[in-house]
Amino acid sequence: MFDGYIYHRAFDNIYTFSGCGIKMALTGEKVGIPEAEEAPVIVVPRWKQPYAGIVGIIITFVLAIAVWYALALAGLGMLISLLGGFGLMAVLFAIWFENWPFYKLKKPWKVGLAATILNIIVAFVFVIITSMFSVGYGAWLGITDPLIQQAVGSAIFGALSASCFSFAVLWVAGTMYWPWFDKKQPTRGILVFIVGWIITLVAWLLLFFPYGNPAATLANPLTWVLPQYGLSMAWTQWIIFFSLLTLMAFEYWPWNKAGKQPKIGIVAFIACSILGLVFMVVAGYVGLFVTYPVMLLLGFPDPGVSQVLVAVGLWNVAFADWLIVAIIFVSLFFDNWPKGFSQKKNIIIRFMIVLILGTLLFFGSYLIAPILGPIYTGNPFYDNLTPFLLMFLWVQLVFAYLWRKWPIYKEM
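Counting in our numbering, the sequence shown runs from 14 upward without gaps.
Hints are supplied without guarantee of correctness; some may be wrong.
Claimed, not checked - Below are the DSS-like pairs computed for lysine-lysine, each with C-alpha atoms no more than 30 Å apart in a straight line:
id : residue 1 : residue 2
1  : LYS61     : LYS119
2  : LYS276    : LYS197
3  : LYS61     : LYS120
4  : LYS273    : LYS196
5  : LYS352    : LYS423
6  : LYS276    : LYS357
7  : LYS197    : LYS273
8  : LYS270    : LYS357
To be verified - Ranges of calculated distance between the beta carbons of each label pair, as one might list FRET restraints:
id : residue 1 : residue 2 : range
9  : GLN62     : ILE381    : 22 to 32 Å
10 : LEU231    : GLY353    : 33 to 43 Å
11 : GLN356    : MET145    : 29 to 39 Å
12 : LEU380    : ALA87     : 44 to 54 Å
13 : LEU126    : SER319    : 24 to 34 Å
14 : TYR298    : LYS276    : 25 to 35 Å
15 : ALA87     : TRP122    : 19 to 29 Å
16 : GLN241    : VAL299    : 26 to 36 Å
17 : MET145    : LEU89     : 17 to 27 Å
To be clear, the hints were calculated from the coordinates, so they are not data collected in a lab.
The beta carbon of each residue, even a glycine, is placed where N, CA and C say it ideally should be.
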């Protein structure tokens with residue numbers, strides 16, 4: 014789900030990745046955001062790794078929980094999923110335009126503040142569009158209840174973010190802005206935006222648009238969409254996982270072995286799409302034969318076959334999302350630390366850190382779930398953590414990209 018590019022300079026290789034609004038240049042401990050010639054802003058951590066990364070994780074969790082409560086207290090609790098998803102898309106727009114024109118403000122906190130305000134505005138604009146879409150879409154399905162129209166329409170239109178962060182960003186990331194890398198902003202951003210949206214809409218129309226449920230009931234969100242929607246959602250999340258893992262944590266390995274662009278992008282797009290599909294199935298079996306028994310061993314009562322199957326589907330998406338969170342922490346908060354070994358050892362170490370951290374976050378999230386309010390009980394068989402995960406990713410990427418992790422990082 015990440016767009017990025019690689020510079021090769023004499024005596025110095027700089028791997029620069031951008032994704033969902035993230036660009037990082039790995040030269041020692043330096044992180045450049047953005048690294049375009051017209052927008053040179055370089056920030057460095059105030060402390061060495063892993064200390065800067067640990068502080069970043071703590072701040073991210075504090076901010077995420079604070080934003081969660083702020084939205085709930087403002088009466089926007091029902092919109093958290095939409096705001097989180099569309100907020101993430103707005104971060105992606107920022108990366109495609111490399112924070113243009115806000116990078117001219119130079120100071121990280123000034124750029125962060127201005128870009129965050131625009132990000133929130135864009136997210137709310139999409140929420141308003143969702144409401145209008147829901148009326149027409151609900152009527153098209155034959156739904157007459159306005160509230161059910163909004164519920165079903167929100168689920169369908171909200172899936173735009175999944176389509177965008179999977180297929181669209183994977184293509185833009187894998188091809189490294191090909192063939193417009195030499196264009197300046199905002200021309201490059203506009204061209205990338207057009208291509209990204211074409212891919213997003215095609216994926217959305219094929220994977221999500223047809224699967225609103227005409228027989229939906231307001232009381233049960235699981236009835237708002239047909240089963241095919243859930244399969245498509247799980248697929249997109251695992252695509253995002255593999256694209257982030259290979260393009261960011263593995264620094265384009267092994268796709269860089271394909272040669273030049275657009276071959277690298279084509280290979281990455283096809284391979285990550287296939288891997289996502291395969292692991293969607295694998296994660297389902299892991300949920301049924303590993304996670305399910307573990308939850309029982311942890312003392313949670315068996316809810317019965319039907320609810321277990323529902324839980325396995327939710328775990329499939331949640332585990333992929335927590336692994337995505339882990340990759341972002343490893344690559345953007347820990348700067349892919351450690352980096353002092355061979356490429357093979359670095360990749361193995363990063364993969365193990367991502368897997369362990371993602372697993373801990375997955376199981377730990379159910380422990381902290383009750384503090385998020387009455388909609389969560391901490392029971393993994395019933396809690397749907399998707400709203401919190403979307404909001405968490407939104408906060409995480411806004412902090413990492415728009416704010417450049419300021420004040421943990423400072424101007425060079």
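Hints numbered earlier in the text: which of these fail when held up against the supplied structure?
10, 11, 12, 13 and 16
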